[in-house]
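Line by line, the protein sequences give chains Z and R.
The numbering of the first sequence is our numbering, which starts it at 1 and goes up by one.
The numbering of the second sequence is our numbering, which starts it at 1001 and goes up by one.
Check the hints yourself; a few may be wrong.
Said to hold, decoys possible - Reference excerpt, derived from the structure (chain R facing chain Z, CB under 10 Å, subset only):
(1) Q1011
(2) H1012
(3) Y1013
(4) G1014
(5) V1017
(6) L1026
(7) D1030
(8) A1044
(9) P1054
(10) M1055
I should point out that these hints are in silico values taken from the structure, not numbers from a laboratory.
Being a predicted model, the structure only gives us computed values, none of them experimental.
Using N, Cα and C, we set each Cβ at its ideal position, and we do this for glycine too.
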Amino acid sequence: MMNNPDANPPVVIVGASLGGLRTAEALRRSGYLGNIDIIGEETYQPYNRPPLSKEVLAASVDLSAVAFPHDLSSTNTRWILGTRVVDADLTAHKVTDEFGTDHPYSALIIATGLRPRRLNLENDDARGVHVLRTLFDAIWLRADLISGAKVVIVGAGFIGCEVASTAIKLGCEVTVVAADEHPMVRPLGAEFAAELQRRHESAGVKYLLNNSVNKIVTNTAGAQTTLTSLELNDGQFIQCDVLVQAIGSLTNTEWLANTNIDISNGVLTDGAMRALTTSGDVVPDVFAVGDVARFPNPIFGGAPRRIEHWNIPIETAKRVGQVLAAKLNDHETFEELVAQQFAPIPSFWSDQFGMNLLAFGDLGLADESRLLEGDISGDCIWGYYKDDALVGVCGIGMRSALQSYRKSFLLQPPTATTVGK
Amino acid sequence: MKIKVDMDKCQHYGQCVFEAPEIFRLNTADKLEYLAEADDSERANVESARDVCPMQAIFIVD
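Could you put together the complete structure from these sequences and hints?
The structure is reproduced here in structure tokens:
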């Protein structure tokens, strides 16, 4: 490797998943030729997470099925994997990893994403108790999803429902325990969610709703403590070989605790994805991308929101790549780029029980949902409204029609008076 | 440039259509259709389409 003592420190990307990878690629595409260090806690190169609850979980799980192809290895990009960053010193422009090594940076990209929330009950480390976020998680869960296994999924969000679907396909006996009234009710609304629940139940899933897990009961033989049953909030015990905790996520921001960055809910940023302090000032040379970033989106009124949807790491990475490359290359376009509107249309999809759901927008903002097209028991499109304005659409099938609703989220080009801060 | 979509993987989500509308489209049956050869001027758009594909089913062959 070339070693130029006069060179600036590298751009350091903390987080080696989709957001981190796409940021490095976007920096290269935007003309930044300097060093990039990508530090990741997992030992794997970046891979695609969504299949881990779907087709990959149904088949045999291995890296080659999900690894993202990329051509960063031929450039001066360094992968520092299996390494967790534990601290950041913004004044000294460096981060420190778990082994005590300092990594100085010219610019820092926060791409540390999320980790699964756990029940935090006694015995939640027993054999048979799982979460699903990483390839490692999927490999262990896959090994337990054998035909006839009694699988309990706690949480009825998209991941919980997708795991339920996969486990049914593999011949497991599946029960979903959730505090909600219906699966996926929070983004999808009661009517649509009730219909999806009906479809899941006819495929064989048993739902125990308005309920939760109070106790994990285990049996210890030798060195192995194994899950045997669960006590639920309503007092009933259910037998259980496999427990999957799918109760949402937590942001990985603890390593930023010694900084003045606003990490009250992920990393607060401006529209150029620049991190902001608790008093709202731009932190020099620090950006955030992906699930962990809480950024303003003018499509939805501009209040900063974290969006845990598939295309957001890609869109935010592209944004950072352009802005940061302009800055590092001293382009006059930097200020112009920063002032440009950033208005990505969030999108997610879900495959479950033979249905392909696709959504555009920010459904989480809605206070009302309406059936827009189709038949509730077949293919259909639902609209999500906040104060009577459309903020999201979600459909099963009817793709062309669904795409035409997406257009309503495209912003008109800003007028001269609205540009700038 | 040459483009290939793994139609066994493709679930016709149509995300590629927004990134490279000259290359990808949904037909009247809502199935994906694409041009297997495109001008190099489309490369950036097709790369974006490949990146955003939920099934990672799009490949740029050269």
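Right, here's what the structure says about each hint:
1. Q1011: holds (6 Å)
2. H1012: This interface hint holds because 6 Å falls under the 10 Å limit.
3. Y1013: Status holds, d = 6 Å.
4. G1014: holds (5 Å)
5. V1017: holds (7 Å)
6. L1026: Holds: closest Cβ of chain Z sits about 5 Å from L1026(R), inside 10 Å.
7. D1030: holds (4 Å)
8. A1044: holds (8 Å)
9. P1054: Holds: closest Cβ of chain Z sits about 5 Å from P1054(R), inside 10 Å.
10. M1055: Constraint on M1055(R) satisfied, holds at 8 Å.
Of the numbered hints listed earlier, not one is contradicted by the structure.
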